[in-house]
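Work out the full structure, taking the sequences as your base and the hints as a guide.
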Amino acid sequence: MATANTSEAPVLKVENLRTYFRTRWGEVKAVDGVSFELRKGETLGIVGESGSGKSVTMLSMMRLIPIPPGRIVEGTITLDGEDLLQLSESEMSKVRGSKIALIIQDPMTSLNPVFTIGNQVTEAIRIHQDIPKRSVMEKALEVLRKVNIPAAESRIRDYPHQLSGGMRQRVVGAIGISCQPLVLIADEPTTSLDVTIQAQYLKLLRDLQQESGMSLIFITHDFGIVAKMCDRVAVMYAGKIVEVGSVRDIFNKPSHPYTEALLASVPKMEEDVDRLYAIEGQPPLLHDLPVGCSFADRCPYVMDRCREEYPPEFPVDEGHYSACWRLA
Amino acid sequence: MTTPVTTSGNGQDRPVILEARNLKKYFPVTRGIVLARVTGYIKAVDGVSFQIRAGETLGIVGESGCGKTTTAKMVLMLEQPTEGSIYYNGQDIYQADEAGRKEYRSSVQAVFQDPWSSLNPRMRVKDLIAEPMVINWQLSKPEIRERVLELLQEVGLSSYHANLYPHEFSGGQRQRLAIARALSLNPKIIVLDEPVSALDVSIRAQIMNLLKDLQSEYNVSYMLIAHHLATVRYMCHWVAVMYLGQVVELAPVKELFDNPLHPYTKALMSAALPSHPDTEQEEIILTGEVPSPLNPPEGCHFHPRCPFVMDQCSHVIPETKEITPNHWVSCHLY
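Protein sequence lines correspond, in order, to chains A and B.
Its first residue numbered 0, the first sequence is counted upward by one per residue in numbering that gives the first Met the number 0.
Its first residue numbered 0, the second sequence is counted upward by one per residue in numbering that gives the first Met the number 0.
Careful, some of the hints might be misleading.
Capping the alpha-carbon separation at 30 angstroms, the derived lysine-lysine pairs in DSSO-like fashion look like this [stated by the list, open to error]:
(1) B:K101 x B:K23
(2) A:K202 x B:K211
(3) B:K140 x B:K101
(4) B:K140 x A:K267
(5) A:K132 x A:K98
(6) A:K252 x A:K267
(7) A:K93 x A:K138
(8) A:K267 x B:K320
(9) B:K253 x B:K101
(10) B:K253 x A:K202
(11) A:K39 x A:K138
(12) A:K252 x A:K202
(13) B:K253 x A:K252
(14) B:K211 x B:K72
(15) B:K320 x B:K265
(16) B:K140 x B:K320
(17) A:K145 x B:K265
(18) B:K253 x A:K267
(19) A:K98 x A:K267
(20) A:K28 x A:K132
(21) A:K12 x A:K267
(22) B:K265 x B:K72
(23) A:K267 x B:K265
(24) B:K253 x B:K320
(25) A:K267 x B:K211
(26) A:K93 x A:K145
(27) A:K93 x A:K132
Going by beta-carbon spacing under 8 angstroms, a handful of chain A positions derived as facing chain B [claimed, not checked]:
(28) H127
(29) P131
(30) S134
(31) V265
(32) A277
To give an idea of the interface, some chain A residues facing chain B are shown, with a C-beta separation under 7 angstroms as derived from the structure [said to hold, decoys possible]:
(33) G25
(34) P112
(35) G165
(36) V194
(37) T195
(38) I224
(39) A226
(40) L275
Read the hints as simulated data drawn from the structure, not as lab findings.
All values reported here derive from a predicted model rather than from experimental measurement.
We put the CB at the ideal spot given by N, CA and C, even for glycine.
Next up, the structure:
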């Protein structure tokens, strides 16, 4: 999906990405024609429910899709001027972790239980940075201090099970930023954390971003994280981006019925809501998508045209696009 | 700790059906295998009192390790309290005879967080929902079948679902099944342990609305355990905020959200995610993490993380005081 013209070239540009999986029910179009841009220092939120394709988009960007059953059918992912999909596996492993890094949801499973924190933090540094062996540990300590790990000198010899959940997620964050990536993707980074620990972690990510100028992508289902952290939002449904815009446009003028319904279905802490709007039905099955708009069956504004043809993106405002026939 | 007795004078109070007084649950920590010695106690719940009124929802909010699940387990009689008592319709359930306990158990039911692990994958839906009735009620097969179909309809499913297995349902539908099963014995109280947090955003509203509808239809009370404050605001009539085994603040929902008093409640609210990018939030970011319940801090348990800490907080345990009618707080600031 297109975005507003700005003088600055985007750091990351994803165009018409399609990632399909072969399953016993047929071909699942997990990501089906996704395009977006990310500028330097910008935070983009990719919002969607399970099965919307947000995590597969992220895995495609990291080239971590298991092939087979998956395959990236078409598209380009341009990071810092090179198309990641054209790189060989060994070239890609030089990019992965250094130019584009990932923080995944569950710090319990993303750290290896049999290696020390120090070992795991230094791994990326050893692989990607050409610095003398002696200074690798110093560099690791520096990164751990950056993510506010208290007593980093002794923690560096600990194993993951000796740390609390919040602390572990900080270590994962430290690994993510250890090579100063251009783009850091955070896939639901705080869902397993407690509320007050989540607040600490989000503040940390924002501070790190301000310091280094990296771009952030938040993959989330939580509009609260989007409201707090993001500059722009892309809303995904059934493998496609249905609406993209600045965070204020999306919250103030949601133009796709799905975005509108999602926002209305979230309870608010600040006010009494008598009854929440509930979206009827379930998301469609990805191996059996309807002709036309995938949201048609759940949409309160559905028209005949919606069931015949998938809507193109229509501009709502500058930098705000929505794929809905109502805007035609 | 004094017992909060909620007595507001508006004359619209519903009767209290369950009351917990000074509930405590200590888990012994042992050392050694053959000659095990008790070296300490984890004070999972340490003097908790609350009331649940007919047809109302009490929310229990707190972070992991605050004791909310242990409290719920004691209400469900799955854990024996170390001290304190639970009164159901004025009767102490832990003093009751076997018949009384059995009746209590069938009138207090539970819906758990994860509908993927809380339903037996080898049972058909009709057997899952019928199981509590088969155990507790002497009903004939056709009667049970009729009731199962009625319950399925009640939670928004259809009669053909009765012959399917749980894996054939989506998360939201499974949670509906769990609710139907909990409703089967016409309970007076349902303990809801994070009932929507495992579901997708668009499904959460469906389930929350269903729970609210069932409450007004059956006049059932809920004890809702949640960490998401907006969910609590939407669902609850009363809210208890727990920290390290103690209730630090208890108030009617509107009062608590409009006028939070305890510094921990304020911090929780400021840490909660906003519902709009322009929402202005007071930024109170607590430093550190929740201390271990094995060795909680002296005095007020919250004082090492409290931004308003005073001298006495580190050695005097604050009393629970009723600041305004029905608004109880344990803090030296008040």
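> When the hints from earlier in the document are held up against this structure, which numbers fail?
Replying inline: 2, 4, 9, 16, 19, 20, 21, 28, 29, 30, 33 and 34
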